[in-house]
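Let the hints inform the model, and build the full structure from the sequences given.
Position one of the first sequence corresponds to residue 1 (the working numbering), numbered consecutively onward.
Keep in mind the hints are simulated off the structure, nothing from the lab. Incorrect hints may appear among the rest.
[To be verified] Pairs of lysine-lysine residues, derived as DSS-like cross-links and limited to a Cα-Cα distance of at most 30 Å, are as follows:
hint : residue 1 : residue 2
1    : Lys93     : Lys12
2    : Lys34     : Lys161
3    : Lys62     : Lys6
4    : Lys161    : Lys62
5    : Lys168    : Lys92
6    : Lys121    : Lys34
7    : Lys163    : Lys92
8    : Lys168    : Lys121
9    : Lys92     : Lys118
10   : Lys118    : Lys58
11   : Lys168    : Lys58
12   : Lys161    : Lys12
13   : Lys163    : Lys29
14   : Lys92     : Lys12
15   : Lys58     : Lys93
16   : Lys12     : Lys58
17   : Lys34     : Lys163
18   : Lys118    : Lys6
19   : Lys93     : Lys163
20   : Lys92     : Lys161
21   : Lys93     : Lys121
It should be emphasised that the depicted structure is a prediction, and the values quoted were computed from it without experimental measurement.
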Amino acid sequence: MSVRLKRDFFLKDIHIVAHQLVGKIIVRKFDAMKEERFRITEIEMYVGEMDLASHASKGRTKRTEVMYSCGGCVYVYLIYGMYWLLNIVTGKKDQAQAILVRGVEGIDGPGRIGQQLKLDKSFYGENLESSNRIWVEDDGMLCNYTLHPRINVEYAGDIWKNKLYRYKIEKAKL
DNA sequence: GCAGTGATACAA
DNA sequence: TGTATCACTGCG
Numbered sequence: 001m002s003v004r005l006k007r008d009f010f011l012k013d014i015h016i017v018a019h020q021l022v023g024k025i026i027v028r029k030f031d032a033m034k035e036e037r038f039r040i041t042e043i044e045m046y047v048g049e050m051d052l053a054s055h056a057s058k059g060r061t062k063r064t065e066v067m068y069s070c071g072g073c074v075y076v077y078l079i080y081g082m083y084w085l086l087n088i089v090t091g092k093k094d095q096a097q098a099i100l101v102r103g104v105e106g107i108d109g110p111g112r113i114g115q116q117l118k119l120d121k122s123f124y125g126e127n128l129e130s131s132n133r134i135w136v137e138d139d140g141m142l143c144n145y146t147l148h149p150r151i152n153v154e155y156a157g158d159i160w161k162n163k164l165y166r167y168k169i170e171k172a173k174l
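Laid out in structure tokens, this is it:
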């Protein structure tokens, strides 16, 4: 029995949402016939404007605008001209928190997830509570996870690049 | 180890 | 207008 997560799940502080999001299921409906499910195995937190690794550290721009809306929206952006990365906005309006989905079951790597889920700029700002093509479900599975530093954030300075903001599911629990 | 790739942000 | 940068991947 799988239940779609409502907006209030994402409105909590990012630290709470992140540890509850590990093991949840991303559902991507491609058309009437095709609907695929992916259990989240790895995520990273970007905790707000003060986080020097976050796009929001540069303030509000056209690209980061959706990070400033309240939780439950999708933030996608194109990186290196090739890959659409999937993020989920959390917290209250103007907190600028977002969680990068770095791995799901069967797909390792944020760029590959974007390819597999056929993401593009039209997903920018998509509402996870009401969308008919992408949402998140809870099937009740509880997962343990391990903490690690984030990847490719060398530019963020000693304090922020070393934060244990990457959550990885324990393989044994899958 | 590093090329490929193009939108974005900011300087000018 | 130009250009430096980039929350990555795949092929050496």
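Evaluation of the provided hints:
1. At roughly 11 Å between alpha-carbon atoms, Lys93 and Lys12 fall within 30 Å of each other, so this suggested pair holds.
2. Proximity of Lys34 to Lys161 is assessed by CA-CA distance (about 39 Å); at most 30 Å being required, the pair is judged violated.
3. For the hint pairing Lys62 with Lys6, the CA-to-CA distance comes to about 26 Å; that is within 30 Å, so the pair holds.
4. Between the alpha carbons of Lys161 and Lys62 the distance comes to roughly 25 Å, so the proposed pair stays at or under 30 Å and holds.
5. As the CA atoms of Lys168 and Lys92 are separated by approximately 25 Å, the hinted pair is consistent with the 30 Å bound.
6. The straight-line distance between the Cα atoms of Lys121 and Lys34 is roughly 21 Å, inside the 30 Å bound, and the hint therefore holds.
7. A distance of roughly 22 Å separates the Cα atoms of Lys163 and Lys92; the hinted pair therefore holds under the 30 Å criterion.
8. For the given pair, Lys168 sits about 27 Å from Lys121 by alpha-carbon distance, which is consistent with the 30 Å threshold.
9. Taken as a hint, the Lys92 and Lys118 pair is honoured in the structure, with Cα atoms around 28 Å apart against an allowance of 30 Å.
10. Proximity of Lys118 to Lys58 is assessed by CA-CA distance (about 28 Å); at most 30 Å being required, the pair is judged to hold.
11. For the proposed pair Lys168 and Lys58, the alpha carbon gap of about 27 Å is at most 30 Å, so the pair holds.
12. Restraint check for Lys161 and Lys12: the C-alpha separation of about 24 Å stays at or below 30 Å, so the hint holds.
13. The straight-line distance between the Cα atoms of Lys163 and Lys29 is roughly 34 Å, outside the 30 Å bound, and the hint therefore fails.
14. Distance restraint check for Lys92 and Lys12: the Cα-Cα separation of roughly 7 Å lies within the 30 Å cut-off, and the hinted pair is therefore satisfied.
15. For the suggested pair Lys58 and Lys93, the alpha carbons sit about 17 Å apart, so the restraint of at most 30 Å is met.
16. Distance check on the hinted pair: Lys12 and Lys58 sit about 23 Å apart at the alpha-carbon level, within 30 Å; holds.
17. A hinted pair counts as satisfied when its Cα atoms are at most 30 Å apart, and Lys34 with Lys163 does not qualify at roughly 39 Å.
18. Our distance criterion of 30 Å between C-alpha atoms is met by Lys118 and Lys6, whose separation comes to about 23 Å.
19. With a C-alpha separation of about 24 Å, the suggested pair Lys93 and Lys163 falls inside the 30 Å cut-off, and the hint holds.
20. Straight-line distance between C-alpha atoms of Lys92 and Lys161 comes to about 24 Å, which keeps the hinted pair within the 30 Å bound.
21. With a C-alpha separation of about 22 Å, the suggested pair Lys93 and Lys121 falls inside the 30 Å cut-off, and the hint holds.
Going through the hint list in order, the structure does not satisfy hints 2, 13 and 17.
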